[in-house]
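One line per chain: the protein sequences are B and G, in this order. Using this note's numbering, the first residue of the first sequence is number 1, and each one after it goes up by one. Using this note's numbering, the first residue of the second sequence is number 114, and each one after it goes up by one.
Do not take every clue at face value.
Quick list of in silico lysine-lysine cross-link-like pairs, DSS-like style, CA-CA up to 30 Å [unchecked claim]:
#1 K68/B - K179/G
#2 K68/B - K154/G
#3 K56/B - K179/G
#4 K5/B - K177/G
#5 K177/G - K54/B
#6 K154/G - K100/B
#7 K127/G - K5/B
Hint data in this document are derived by calculation from the structure and do not stem from the laboratory.
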Amino acid sequence: DQQVKQNSPSLSVQEGRISILNCDYTNSMFDYFLWYKKYPAEGPTFLISISSIKDKNEDGRFTVFLNKSAKHLSLHIVPSQPGDSAVYFCAASARTGFQKLVFGTGTRLLVSP
Amino acid sequence: GAVVSQHPSWVICKSGTSVKIECRSLDFQATTMFWYRQFPKQSLMLMATSNEGSKATYEQGVEKDKFLINHASLTLSTLTVTSAHPEDSSFYICSARAVNEQYFGPGTRLTVT
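One chain only, chain G, in its complex shape (with noise of 0.2 Å):
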């Protein structure tokens, strides 16, 4: 099946600090990539639609200038985290589009202090 990576799987920053979340289609091409995140106990909510070579689609109330995304390969988005704050403290889960399914990676836990 097609597998999905994240790097870093989780990663702790200082607040105010940005930080880079990668995410490859490690045997296909997505043209689409999709950004989550998981806060505990709680449902996955869409923050974003990475489309390669374009602008990415932001869900409503997300702000596009704090979580910059970045789609410059058919196989690697990127989203980064920018003057990270304790509340965006989270687990980021990324999925890439593949003909009819989404695969999703293994998901990077963030822990801003």
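Okay, chain B solo, but in the shape it has when bound (with noise of 0.2 Å):
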């Protein structure tokens, strides 16, 4: 039962442009979210996160949206950058669960000169 699915496993953008990378939940325990940049062999790097009491939360060139009643988030990346390229997780923990993360399954992304 995967609670968390990013349902794109791959994404291509050409640099400078938006890159927008999409995740769903199904459990409505869920309040914090996160999202991860990972490197292959490498451990995951946080990125950014939201709390269910918002809708949106800026750092520099990253943006979470979050849509509770549709359970979506997306991340969105702008001016997407080579450096960026890498595969993106989202993370959801639940209240209950402080810190206990569930991980959706990656999206690679690539961003291209």
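Take each chain as given, in its own frame, and dock them per the hints.
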């Protein structure tokens, strides 16, 4: 039972354009969401997070949007840079299991020059 | 930022032997550490939650007698894969909780021959 889903296994974007990565979840108990960036054979690196009391959080080139009614969140990267090429995971946690993260399956982003 | 290290970064062992993986928080104390495993092109799956000075809490389907976790100090947790089999070959990642964030180690690639 995959509670957090990233339906696009890969995404290709040109440098300078916007990258939009999507994530859906099924568990209504989730109230905190995070995005991680991961390179092969390395641990995930935290990018940005959002609490369920917000619908948007912005940090530099990265913005996360949360639509609770649709149980959907997205990560926008603008402008995209070649160094952004990596696998992106969304993760979710519930208040009762604080910091116990459920990860999505990941989306491989390739930003071409 | 907080740094988490893992040792070894990769290990090859023969079937039937045991392997110990260390996870250290280098510049902070972590009362809680988490162990994940990731199969190729799949999500990170939480295996267990390790609390300093107490028994680990294992996720459903994870054999506690096979994956021994010890969290003897605030900066060190160990995962021992006992009687390893080829199907245990995977990428094992630990994370350490610091206040409201979770920091990930670089991972350990285990190959069982």
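We went through each hint and held it up to the structure:
no.	hint	verdict
1	K68/B - K179/G	violated (39 Å)
2	K68/B - K154/G	holds (28 Å)
3	K56/B - K179/G	violated (42 Å)
4	K5/B - K177/G	holds (27 Å)
5	K177/G - K54/B	violated (38 Å)
6	K154/G - K100/B	holds (21 Å)
7	K127/G - K5/B	violated (35 Å)
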